[in-house]
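Here the protein sequences come in this chain order: A and B. Last residue of the first sequence? That's 268 in our numbering, and every number before it is there in order. Last residue of the second sequence? That's 321 in our numbering, and every number before it is there in order.
Note that these hints are calculated values from the structure, not bench results. Wrong hints could be hidden among the right ones.
Once the Cα atoms are required to be at most 30 Å apart in a straight line, the calculated DSBU-like pairs of lysine-lysine come out as [unchecked claim]: (1) A/Lys266 - B/Lys108; (2) A/Lys33 - B/Lys309; (3) B/Lys108 - A/Lys33; (4) A/Lys205 - B/Lys291; (5) B/Lys309 - A/Lys266; (6) A/Lys33 - B/Lys230; (7) B/Lys291 - A/Lys199; (8) B/Lys309 - A/Lys205; (9) B/Lys259 - B/Lys199.
Every value quoted in this text rests on a predicted model; they were computed, and no experiment measured them.
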Amino acid sequence: MRSAQHNSGMHVVVCVKQIPDPAEPGSLDPATKTLKRSGNIILDESDSYGVEMALQLVTSAGGGTVSLVSMAPGGETKGLRTALAMGASDAILVSDPVLNGTDALGTAKVLAAAIARKSPDLVLTATESSDGYTGTVPSQIAELLGLPSVTFARSIEINGQSVNVRRQTESGYDEVTCPLPAVVSVTAGVVEPRYPSFKGIMAAKSKPVEALTVADLGLSADEVGWAGGGQEIVEIAASEAREAGRVVEDEGEGYAEIVNFLENLKVI
Amino acid sequence: MALDNVWVFAEAADGRVKTITLEMLAKAREIADEVSCFYAGAGDDVAETLGEHGASTVFATGDLDDALLGPPVAAAIAAKIAADGAPDLIMFGTTYDGRDVAGRLSAKLGAPVITNVADLIVNGEDVAGVEPVFGGSTNVTTRFKGEAVKIVLVRPKSFAAESAGGSVADVEDLDVPEVGNTGTAKVTARFMEETSGPKLEEAAIVVSGGRGLGEAAKYAMVEQLAKLLKAAPGASRAIVDAGWVPYSYQVGQTGKVVKPTVYLACGISGATQHMVGMKGAKYIIAINKDKEAPIFSIADLGIVGDVHKVMPKLIEALQGR
Ligand SMILES: Cc1cc2nc3c(=O)[nH]c(=O)nc-3n(C[C@H](O)[C@H](O)[C@H](O)COP(=O)(O)OP(=O)(O)OC[C@H]3O[C@@H](n4cnc5c(N)ncnc54)[C@H](O)[C@@H]3O)c2cc1C
Ligand SMILES: Nc1ncnc2c1ncn2[C@@H]1O[C@H](COP(=O)(O)O)[C@@H](O)[C@H]1O
Chain A
1 MRSAQHNSGM HVVVCVKQIP DPAEPGSLDP ATKTLKRSGN IILDESDSYG
51 VEMALQLVTS AGGGTVSLVS MAPGGETKGL RTALAMGASD AILVSDPVLN
101 GTDALGTAKV LAAAIARKSP DLVLTATESS DGYTGTVPSQ IAELLGLPSV
151 TFARSIEING QSVNVRRQTE SGYDEVTCPL PAVVSVTAGV VEPRYPSFKG
201 IMAAKSKPVE ALTVADLGLS ADEVGWAGGG QEIVEIAASE AREAGRVVED
251 EGEGYAEIVN FLENLKVI
Chain B
1 MALDNVWVFA EAADGRVKTI TLEMLAKARE IADEVSCFYA GAGDDVAETL
51 GEHGASTVFA TGDLDDALLG PPVAAAIAAK IAADGAPDLI MFGTTYDGRD
101 VAGRLSAKLG APVITNVADL IVNGEDVAGV EPVFGGSTNV TTRFKGEAVK
151 IVLVRPKSFA AESAGGSVAD VEDLDVPEVG NTGTAKVTAR FMEETSGPKL
201 EEAAIVVSGG RGLGEAAKYA MVEQLAKLLK AAPGASRAIV DAGWVPYSYQ
251 VGQTGKVVKP TVYLACGISG ATQHMVGMKG AKYIIAINKD KEAPIFSIAD
301 LGIVGDVHKV MPKLIEALQG R
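One chain only, chain B, in its complex shape:
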């Protein structure tokens, strides 16, 4: 009971195919006989990895000249559909560009998008997306109806990336239709912000700090602890908004989804929008002075205490090892 044909929007950064793409490929090859990818760039750069993870073909747009990806990629996908027919499902990752392309394509085709998908249920031709709401305490299942093309936006860390041992994917270069006025947004410069230690999404341990730290300077305790544990430092939105740490540190609904072995939350209340980004951790430890803090309802170990007392001692104990 599988779909014939699923397309996955593939993304890469710094020459590496993104994990979210590989996660989607793992699910795509489970639910479909044939999986193809769209890629905004040179297909040869990614054909080996995408093939290894189960894609048979990469449809590539080639260099897009610093254009934001939404309009040209959506136009290229729509043209491919007009020429050769639609697949049974198109999957995008919930990323900056994934949302742009999915939104543009949806409007172009008059097709619905099921968003924030954490799982897909396929029943014959029928496709439904499962979305966690209220901090992950409730799952809402939404099914496509009607004849339109089916588009989903998939949350990171929903599926486990795994090699399928496939061979290099075929590359098919696409013509990108002229998009006129809609395609006039151009990137003129790119800036990287530094982060220390391992990447948040990949680290086995994440140490996050929240407003309970009291002031920006105290975030140093989080960084120190992270270093000792070879962990990635993270943050709640409250302290990102307050300017203590860059946005790239944010864990949660509008930040990163993390799934480490251990998540240590320091001075974080556990708002639903935070929990939805870290609830998948294998073990959760929380330090909070309020024993009623919601974070304790999902913590495997909760320490009711003052971060300014507990964290320095923890740092000292780890330094002594």
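With the rest of the complex left out, here is chain A:
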């Protein structure tokens, strides 16, 4: 996939999801059974780490570009502008009414087709999105593009034609190496995403965002959306609520309440 069209530097594509602000209480639309997308749309915080990581990698490589790829309804670019203001160069936005109801595999098909147009050296994603958190999109993209992948990266270092990744594990971490191009998913919190500067915000307004449809990507409408998905939501129900118990103001004896509670349970 590494192509001659790039003459210098490191070319990274970052997949960024634009989501309803998780700080606002979420709800599901009972009619379409999808997350309501009213309210403020933002760059998924999980993806801000990938954007930061990509910008740092390009800097250490001595040059290159960071391109963004996003799939979102309604021509949404708010989250993209945030990432462009951080320093990304350009973006592809795939927005198309036929994408309503697209599942993780359909999303991966769309993203893979968009990424392929950029012929990057490296593709970054988050390990999981804040609103969907399927965590499967990164390896689905890699399989569709025929690329190796490393998930749960804590740190990434480019070493000539390969990438060295510190991969989070249950009990610590593994050092993993893999040839480029590759897909790497970045764990949240591993770098400090920069705040866009005023200059960055102004510059972002004129950076190119290429708007594409499913047909532009050479995909057919029945591979995506409600039709293409292999699953459907059949029920949304409140789960058994946990009742709040006793709440006590500490006036110096709060600790004794805890001791009593544990004694009654016979765990001490």
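Based on the hints, put chain B with the ligands in the right spot on chain A.
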């Protein structure tokens, strides 16, 4: 009204089959007549435990040479399906490798994955997964449609692991197809990070600390309390991100799911992503200075107070026993 045949992706660490695998086997044998496992390694190492928990056969790839598991295991499963047909359902645990293999397999087969599954509903041939959202306050049930292979990713602690008293599973060695470029990611070194006390996922009591502790050094109070209670120390993501404790301490959506008898949350607000990882505790105790903190809505005992006052006294009282 059971399925004929379910496959479970089995994982082991340090020579022991992982609890998540045994949890899935308990559910698998409840919903299917026949249960088989896939294992990335030598089948003989796990055949006894997997058999005891209800697997009749272990399909084993043998040693994979430090490759990340996604591509070779997905290719081996796809080849098995091409040769002998697909099962009614394939179950993976929501683990580092489980997600990788499930994602690769899904793309290979054009098959959907239902993720974050906390329960499975089987109705004839029909399979649906139940996913808790919004911190577990709402359950979303998603059903497979169409003819594709059905893949689910199951959250830890969703089912209770229990021996079925089965005999050693048969081992069938699989050929792993050549995966070419996709399989070129290799592990060159493995590092363990130390944790103190019992394992988070297995401890009867968990004491967790959050940003309300104020500074990294104050996490020592959590550790001290954990030691006195023979508990495992845990953490919210806020203090993992801040670098106070390693990621392996994190409880929640992107961390560990715990289901202890008692969960003691110290200076934790109770964000939905935290609650989804500890809501299954039998009893929850919370110390928080803000009486409006969401954690109090699920706590059996809530102490509205300052962790710097309550915790030292609690430690002292327990030391005196
Ligand atoms: C995709 C995604 C995944 C996430 N996954 C996880 C996850 O797995 N686990 C997780 O924990 N979080 C997760 N989060 C983060 C989560 O949303 C919260 O930000 C986090 O849990 C907050 O941690 P906290 O409660 O320690 O901090 P805060 O929310 O800042 O709460 C601190 C609390 O301490 C109290 N406090 C302050 N001082 C004192 C004092 N002196 N005495 C007593 N109380 C005091 C405050 O009243 C407050 O309630 C995730 C977020 C996203 C977007
Ligand atoms: N609609 C989307 N647009 C851009 N990137 C996405 C989209 N959906 C998922 N991704 C990427 O894939 C990662 C994992 O998503 P998920 O599998 O949904 O948890 C996200 O954090 C993004 O980096």
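Tested hints:
1. A/Lys266 - B/Lys108: 52 Å, violated
2. A/Lys33 - B/Lys309: 46 Å, violated
3. B/Lys108 - A/Lys33: 28 Å, holds
4. A/Lys205 - B/Lys291: 43 Å, violated
5. B/Lys309 - A/Lys266: 25 Å, holds
6. A/Lys33 - B/Lys230: Measuring from Cα to Cα gives roughly 44 Å; hence the hint is violated.
7. B/Lys291 - A/Lys199: 42 Å, violated
8. B/Lys309 - A/Lys205: 51 Å, violated
9. B/Lys259 - B/Lys199: Roughly 12 Å separates the two Cα atoms, so the pair holds.
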